Each structure stands twice: as structure tokens, then as C-alpha cells.
Amino acid sequence: MKIDAVERKCHANHEVKCSDCRLAAICLPISLELEDINKLDNIIQRGRPVHKGDRVYHAGEEFKSVYAIRSGAVKTVRNTKEGEEQITGFYLPGEILGMDGLATNNHTNAAIALETSAICEIPFTRLEELSAKLPNLQRRFFQLMSKEITQDQELITLLSKNSADQRIVSLLLSISSRNAQRGLSNVDFFLPMSRSDIGNYLGLTIETVSRVFSRLHKQNIITLDKKHVLINDMDELRRIVTTPDR
Amino acid sequence: MKREIQPSKVIQLRPHLHGAAYQSFIRSIPFDHSRSLNIEIDFHQFEQTAFIDDDFMELLIAEIKLWAKFLGKRHLLSITLNHCLPVTPPFELTRLMHVLASHFHISEQDRLFMVIAPLDQLTSECLALLKGLGFNELRLIIAPDELARLDEIRQQIAAIRVFGFEKIGIHLHPIDCSDELSRQLKSIKNACALDSITLGSHHSQLALSTTLEEFSPHTIRHMDFLSLGPDAISQIGNMRLRNFCSKSRYQSAIGAGRLPVLTG
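The listed protein sequences derive, respectively, from chains H and U.
The first sequence begins at 4 in the working numbering and counts up one residue at a time.
The second sequence begins at 502 in the working numbering and counts up one residue at a time.
Just chain U, same shape as in the assembly (with noise of 0.2 Å):
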């Protein structure tokens, strides 16, 4: 990670705010449209609050909308999805990147597009789907025993380089024990001609530190990330916001065209 993030602004919690207060809320928020913003959505984290369900992607989508009335048409530097995978079937997939594509600007060059899912649940006809809604960038999850078989690794990755992904990654996950990492590292990096090599973190910290590398420090200084779903922490501005974890309070506020966040 070139630059770490860290608020300039820590505000104490407080009850969940209505009518006026929320709006007084809301305007504390250092919305500025001139922004870039990344948005990474943690699909890992709706089925950790044990949100997979029919309604989780039309609540998702309320959100997408509820943020990009407050955030305006920004520029959309970088799009990343943890987890994707199997949860979403490929029509939802489709209308999310809709939704998203009709809310924000995406340049078709100027763009981070990332899938982060285990390397087993990259099907072809997934792939081809991911590579034809724009994803540019693939971080394959794959847990450190799995290396003993570096063949059929380097295999599946040269089946996945052929749809053309700009980069392709890979991310160990998780590290219990490093002494043999070091030369498994060496083996799979020469075996698989890899763009990068990530370790052990919590997915969704990967998201963040994965942006951050793409990104100059001058962009970044100019940027917003923005998380979606239950427990998902964004930075607007100098501020960190953290959405509700609890199925109902996240459920109500956006019912109620309030933003998800905890408001203190």
C-alpha cells in the first residue's frame, strides 16, 4: 500500500439519527463532486451477516442509487467485487454493472475493473461474462496448500489468460504457517507469470490496498472509496462511515431512502 488513509475526522457514536439531525448528518458529509470515487462491494460480507438472499441484490442496488444522489455522476475509477461467486447469478451481475455504469461515469480506458473469487469458481462461461461487462483485472484466492499442485494451477491460469484479462493475480489466503512460503512463492510466480502476489490479509483490506497500488499518489489524494453492504466502511472526504451490520437496521434506513451509515 503506497499511502495509508487516515482519517482526519473521528466522530464518537451516537443513536440512529431521524428527520433533522440525519439531515444535519448527512450534510457533515464532505460530498465533493469532483472526486474520482472506487466503489468495492464485499459479497462475502452478505453472507457473513447472513444476507444472501432473494431481496439482497435489490437492496443492494437501492443503495448504489441512494449513494449517487448524494454523490453526484462522479467519475468511477475503479470497480472491485470480493466474492462475487458464486452468490450472484450472471443476470445480476449484468444488472449490476448496469446500475452502476448508469449512476457514475466509467472511461473506457482510464478504469480498474477487479474480480476477487477462489481460482476453483472461475468457470469459462463466468469469465467470459466478467471480461464482456469490462473486468479488466483478476486476484485469484488460493489457500497455500492448494501450491502443492502448482501444475494444475499454471494450467487453469493459462485457460484464464486466453479471454485476455489486462492483469492476473493471485492472493494466498490464508497464511498460517510461512516456512515454506517463500519458495512456494518462487515456484508459483515462475510457473504462472503472475502481475502480483498478494498475502493473508482480510479480503476486503485487499480491495483497498490492491486500489491504492494502481493509483498514483496524487489520484489517490483525489479520491473517494466508497463500500457497499452490510458492516462496509467508506472514506468520503476526510471522513470514514461505516454501514449498519444488522440485517434490519441496514433494511430500514435504506426503506426509508436513508443512507445505511452509522450516524455518529
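So that you can see chain H by itself, here it is in the shape it has in the complex (with noise of 0.2 Å):
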């Protein structure tokens, strides 16, 4: 499928809307119980502003909120066994972070912002407490969570397993639909983090992430453009990652 110019609409520096964001099935019906809204603020610390290399959350710090970034983006961070910095995820506009801290009431991994970013805090145990108004919130929060976490893990999944292709295709096409969900261009954004950091997210050195970016480029699958991406030809990239031992 070759891209239509129409479709080429870049969003650099998006503010996503609360309707929009994967939080709402939890803050839209917390929202809609307030009779003044503005209480909604006392519960919800809406886009509280982290800027870039700014922590939102520590490894080993006690597990007391989920975080959803309105804009600018976040990577997670542990360190190995051998003391070296390990990146988990990248979390764009309208996504949910945290859940690491869930299944041991402590972050596992630190959240760092990769820019300037507006981030919106639900603290855990107000949402118990509210729990007993809106009998539904604690499971939606729960069902939430699971979903969060079981997408996190199958996308580290399938990132880990394959060549170095297919790793960074399935990087892009992951980030193009993430954007398509959040109603933005899925053909035409900005990669908000290093090469350096996405050849230690995938396991690949920084000359291998460069190397490959090139060839996508020289073959006209995508366009690269320092940080900013324009995906030519949606369906190579599929088929990079669909082709086994590429």
C-alpha cells in the first residue's frame, strides 16, 4: 500500500484529549459522579509538567498512582543484574505507565521523560475510596491494568524474538498504530527517543539501529528525516516482519 498525501498529517508535539486517553474508562466516570468538577482535579493531578530527563516515578519507590502522559513521551528504565541501564517501554500521549509497581507494590523501573511532557497522576488510594461510591471503578481499573499490562509484555515479547529487521519494523508499525488509535497520522510522526535508546530497548548496538534506518530509507520504505519518520510503503514493512529468518 503506497501512502496517500492526504494521510500525511504530523503531529510533532500532540496534547492528546482526555476522551482519548486510555485512562478515561477511569477518570470519565469518576468525572461524571462529581457534582462540581472541578473536585475532579483534587483526585486527578492533571498534567503535571516533567521535563526532559525528569523522573515521574524511581525504581524501588512504593507503588501509589498510574500515570497517563497528555503529551510529550516517557521511556521506563531498570537497571540489570550487571548494573547497566535496561529501557522497558516507550509511553506516548494517551498511555498508561506504572503498572509495574502493581504485582509488587514497588516500581520495578524509573520513568524518565524523553521531552517535555504533561502528565496526569490518579493515586491509588483515591480510587479505592471512591471505590465505594462507584461500585464498577475498581474493577474497570482492574481490567485496565490487565489490559496494560498483558499488551506491554506481549509487545516486549515480540521485539525480543526477532532479527534485527523485524525488531525495529515492529518498533515503527507498533508506535504507527498507537498513533492511529489516538487519532493521530499512523504514516507520518516523530520518534520521540535516541537511536541509542532504541538500540538498547531492542537489544541492537546504536551502528546496527542507524545501518538498518538507512536501508528502510534507501529502499524508499520509509523516509527518515533525523527524528521524524514517513512511512512509504505500510505493507513492505509488514511483510518485513511476517517473513520468517529475514
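No wet-lab data here; the hints were simulated from the structure.
Some clues are possibly wrong.
[Claimed, not checked] Here are some of the chain U residues that sit facing chain H, going by a computed Cβ distance under 8 Å:
#1 Ala-522
#2 Tyr-523
#3 Gln-524
#4 Pro-591
#5 Arg-596
#6 Ala-602
#7 Ser-603
#8 Asp-611
#9 Gly-633
#10 Glu-647
#11 Ala-659
#12 Ser-753
Quick caveat: nothing in here was measured; it's all calculated off a predicted structure.
C-beta: ideal position from N, C-alpha, C; glycine also.
Given two chains presented individually in distinct reference frames, assemble the corresponding complex, making use of the accompanying hints.
Below, the structure is given as C-alpha cells:
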């Protein structure tokens, strides 16, 4: 499939609407329940700004909240047994992070802003209190968390089992489909992370990441200008991922 | 099993205790907050005692909270969920793990979180969730007659391996005839590169024996074993405690804020 020029509408610094956020299943019922909508701000700390390199939460910190990204991007990082830093995920506007603390009550990762970002925070204790008033809230919360945990893990698994080309293309396709889910262009976007971060996340050297990107660019499958990605041939990208032993 | 647990204190069954008598019974349980804890939940037992309904997870969570009050916020070394699929929907499994994590200390490194489940129940979605919830070991239940389809099992186990569980073993059950067993075990061990194979015992005994295999005798001496749910048997210090097996007694004890154990 060659990409139509009409679809090429790039969003470099997008702020997601509450209705497009994955936390909407939690926030919206709360806001409907509240007589005074301003009270929502007392429960959900909306749009807290964090700057590039700032930590949203630290590894080892007690699990108290889940977070949604309103704008910007965040990476999650853990230290390996060898003391090295391993990136475990990238989170984009409308996505939720912090679930790594749910099953151990402590965050196993640190979350670091990749660029200036606005973060919403829902304190878990407030959710528990509200569950008495909103009986389905807790159920919805754990349903959402299960889905998020499953999707995160499926992506990690997908990215770990393939060749370098397939890993990089899988990441591009993942970002593309995540953009589409929140109403953004799935073919024209900015990568908020560095090549080095991509290499760390996918278990590849920075040279390999650059080489694969260059090859995809030369083959006109994508057009790459620094962090700006334009997908020219989505079908070919999908074929790369599904072709065995590539 | 490296070491068999023999209770040094056996007490006679008595009627259900209330009030001061119950309190006195509770005081007789040797709660030692320095001992680490192993938790096992046999969902098969819930099914057998016809407990599986909309409320069973509420009861289970209430039981965890009750025990946590007496046991204190201990170091939780292992969690074994036996036959939790498909009776527990994903969100309930997530909630259960959160309740355990918020009532006990869970270490990132030093832990054994195991699921024992029939191989055909482990979908990729379910495996991703289990991995994401911190489970690091799987014990797959396979009937010996299924070993005839070795290639298929090998492929299924290979698909499970990509999720990165630290250990994968199989549990052959039930064992009615052992004529072909030795040959079959050799084939499956070679074909699937398994970490362990266990045979035939009841699943709840399997959970205990697996936990005992994983830890040194020194560590085991400083552990308590808590089993949750109807008819579950726990070992706290030198005392063995059995939960009620009847739904009404189990429910009413938990409803009244009492441990659902036979007080005698």
C-alpha cells in the first residue's frame, strides 16, 4: 500500500484529549459522579509538567499511583543484575504507565521523560476510596491494568524474538498503530527517543539501528529525516515483520 | 522433596469456637513475624467444593487480609497458583496479585511465583499477563496419553518460552499405567529441554513439594506455608491448620472476621 499524501498529517507535539486517553475508562466515570467537576482536579492531578530527563517515578519507589501521558513521551528503565540500564518501554500521549508497581507494590522501573511532558496522576488510594461510591470503578481499573500489562508484555515478547530488521520495523509499526488509536497519523510521526535508546530497548547496537534505518530509507520504504519518520510503504513493513528468517 | 514437614503439635478437633475461646485458640498459633512466607492457592479446590461463583474472589481476598493481620507484613518468598485458569478472569488475577503485594513484602530477585495449569489453557494473552505480573515459573499439566503428540507439545512449549519465564516444567497427571512412562519421559525431556518433570501426585502436594525443592533446608526451617481457600492446609511454625471445607462455615467465619480454620 503506497501512502496517500492526504494521510500525511504530522503531529509533532500533540496533547491528547481526555476522551482519547486510555485512562478515560477511569477518569470519565469519576467526573460524571462528581457534582463539581473542579473536584476532579483534587483526585486526578492533571497535566503535571515534567522536563526532559526528569523522573515521573523512581525504581524501588512504593506503588501509589498510575500515570497517563497527556503530551510528550516517557521511557521506563530498569537496572540489570550487571548494573546496566535497560529500557523497558516507551510511552506516548494517551498511554498509561506505572503498572510495573502493581504486582510487587514497588516500581521495578524508573520512568524518565524523553521530552517536556504533561502527566496526569491518579493516586491509587483515592481510587480505592472512590470505589465505595462507584462500585464498578475498581473492576474497571483492574480490567484496564490487566489489558495494559498484557499489551506491554506482548510487545516486549514480539520485539525480543526477531531479527534486527524485524525488531526495528515492529517498533515502527507499534508506534504507527498507537498513533492511529489516538486519532493521529499512522504514517507520519516523530520518534521521541534517540537511536541509542532504540538500540538499548531492542537489544541492538546503535550502529545496527542506524544501518537498518538507512536501508529502509534507501529502499524508499520509509523516509527518515532525523527523528521525523514518513512511512511510504506500510505493506512492505508488515511483510518484513511476517517473513520468517529475514 | 528435600524435607518433609512433620507437625510436632497435633491438636484434637473441637467444635467451632467463638469469642474468648477463639481468641485463645488464635493466641496458640505460633505467629513469628521473622519467618518468611509461602502462599498457595488451589483454585481446583474452589471448584471441587462448588465455591466458584461471583463472590469467590471476594472471599479469597478477605481471607488474605485476615491472615495478613495475624502474620504481619512478611517477606513473601513464593506464590503458587494452582489451576487459576480459566476460573479467574485476567482482571481478578491482577487484583489478587496487587492484594498480595500490598499486604506482604515481595522481593524482585528472591522469589518463586509459579502457575500450575493445563498446557491447553495457556493462551498467549494469558502468558503475557502472567509474565507481566511477575510470575517466573510455569508447571504445565499434561496427561500421559497426550505425550503421543510430542511434536505439538514441543511447539507449544517453544511458543511459551519466548515469554521469558525462568523455568518451565511439566507435571504428568494422572499416572494410571507406568509401562511406557520411562521411554515417554526421556523423549519429552530431550524434545522440550524442560527444567523439571513431576509425576502423578495431587496438584496441591505438587505445589508444596516444588516450593521445598527450590529452597535450601536452612531457608525452609524459617518458612511458613499458607494455603488459602476451602479445605486448604497451612503450616504455621510447628502447627498445621486446616480451613473449613464447607462453604457456609468458610463464608461465615470470614464474614465474622475470623480465620476460617478448624479451631481444634
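Right, here's what the structure says about each hint:
1. Ala-522: Violated: closest Cβ of chain H sits about 34 Å from U/Ala-522, beyond 8 Å.
2. Tyr-523: violated (29 Å)
3. Gln-524: With a minimum Cβ separation of about 29 Å from chain H (threshold 8 Å), the hint on U/Gln-524 is violated.
4. Pro-591: holds (4 Å)
5. Arg-596: holds (5 Å)
6. Ala-602: For U/Ala-602, the interface hint holds, since the closest Cβ of chain H sits about 4 Å away, which is under 8 Å.
7. Ser-603: Where the cut-off is 8 Å and the nearest Cβ of chain H is about 5 Å from U/Ser-603, the hint holds.
8. Asp-611: violated (12 Å)
9. Gly-633: holds (4 Å)
10. Glu-647: Not OK, violated: U/Glu-647 not within 8 Å of chain H, min 25 Å.
11. Ala-659: violated (11 Å)
12. Ser-753: violated (24 Å)
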